[in-house]
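A.B. asks: Read off the chains here:
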Amino acid sequence: MRRQRRVKALPARRRRSKDGGVCREEPHMSEFTPEEEGARRGEAVVFWAWITVLAGGLAYMLAIAASEL
Amino acid sequence: MRPLRDNALSLAFGAIFMLALAGQSIAGWFENNEQLQQHGLPAEGFGAFLTSAEFVVDVAENWQSEFLQFFLFIAATIWLVQRGSPESKKPGDEGPDSDEAQLVGPYARPDSPAWAKARGIRQTVYSNSLLIVMGVVFVLSWLAQSLAGTVVMNAENAQHGQPPITWLQYLATADFWNRTLQNWQSEFLAVGAMIALSIFLRQRGSSESKPVGAPHHQSAVSGE
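So the protein lines, in turn, are chains A and B. The numbering of the first sequence is the working numbering, which starts it at 1 and goes up by one. The numbering of the second sequence is the working numbering, which starts it at 1 and goes up by one.
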């Protein structure tokens with residue numbers, strides 16, 4: 001089994017913005033090393049579950065409305 | 001347990017949505033039967049109510065306004081700003097942003113979505129996919145509201161000895177626009193209030209709020 005390399009993301013730099021506040025600046029693309037690659041299965045399940053709810057609900061409502069029209 | 005915790009926000013709202021929809025169906029069933037009995041008609045079974053236009057129009061009119069709200073809010077935040085609000089980009093950042101900042105095409109990361117790395121129509125579609133889906137759900141739910149509303153109005157007309165109307169005629173009725181606009185006004189009020197109130201008010205720990213100590217004039221900063 002290939003051992004998965006876990007690399008911590010570099011901390012975001014803090015810079016003073018034009019309006020005087022302090023905000024987080026995202027690391028430059030070349031510096032970024034994500035902790036884990038790829039979408040986890042949980043997020044995909046959540047996404048498709050909501051798509052199913054929306055599509056199913058819309059289909060249900062349209063079918064009932066059209067059938068009684 | 002990690003998957004549950006990592007997806008708790010959407011799971012929680014999914015659960016309360018289901019509970020609220022179930023509650024609405026029961027309350028709507030009781031109300032519908034009261035109205036039927038007032039007109040001397042027999043009460044309807046719960047299953048019959050769930051497959052009725054009365055139930056559908058009540059659900060659809062709320063769905064369409066919610067997704068219109070998100071559609072307009074997502075679109076508006078591309079071009080409009082509100083200084084001081086965490087719901088807004090910083091003044092001066094109006095517009096669709098650069099390819100480099102958006103990590104598309106040649107600027108995509110190795111772990112960027114495949115269509116972000118693509119060129120042409122695929123990148124365009126993916127770049128606007130959130131607006132597209134919100135818009136489609138709005139249009140279809142508004143269509144469902146209008147169709148079901150036509151059926152409901154025709155049933156009421158029949159009870160009062162009035163002729164039925166077509167779907168197109170229903171689109172011009174006060175009933176359709178009353179149902180539509182009563183939902184729109186509340187959605188737009190809520191979004192506007194959220195944008196404005198979050199300039200000066202804080203909620204520690206929420207991603208919808210600036211950090212408690214962030215200055216009021218600072219935009220586009222959310223709590224961690």
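The hints are simulated quantities; they were obtained by calculation from the structure and are not laboratory data. Even glycine gets a Cβ: it sits at the ideal position worked out from N, Cα and C. You may find that some hints are simply not true.
[To be verified] Beta-carbon label-pair distances, calculated as ranges:
(1) A:F47 <-> B:Q24: 49 to 57 Å
(2) A:E43 <-> B:F30: 37 to 45 Å
(3) B:L131 <-> A:G42: 21 to 29 Å
(4) A:F47 <-> B:H39: 44 to 52 Å
(5) B:A48 <-> A:E43: 34 to 42 Å
(6) B:H160 <-> A:F47: 42 to 50 Å
(7) A:E43 <-> B:D97: 44 to 52 Å
(8) A:G42 <-> B:H216: 50 to 58 Å
A.B. asks: For each hint, tell me whether it holds in the structure or not.
C.D. replies: A quick look at each hint next to the structure:
no., hint, result
1, A:F47 <-> B:Q24: 49 to 57 Å, "violated, 25 Å"
2, A:E43 <-> B:F30: 37 to 45 Å, "holds, 39 Å"
3, B:L131 <-> A:G42: 21 to 29 Å, "holds, 25 Å"
4, A:F47 <-> B:H39: 44 to 52 Å, "holds, 45 Å"
5, B:A48 <-> A:E43: 34 to 42 Å, "holds, 39 Å"
6, B:H160 <-> A:F47: 42 to 50 Å, "holds, 47 Å"
7, A:E43 <-> B:D97: 44 to 52 Å, "violated, 24 Å"
8, A:G42 <-> B:H216: 50 to 58 Å, "violated, 37 Å"
In this structure, the hints that do not hold are numbers 1, 7, 8, in rising order.
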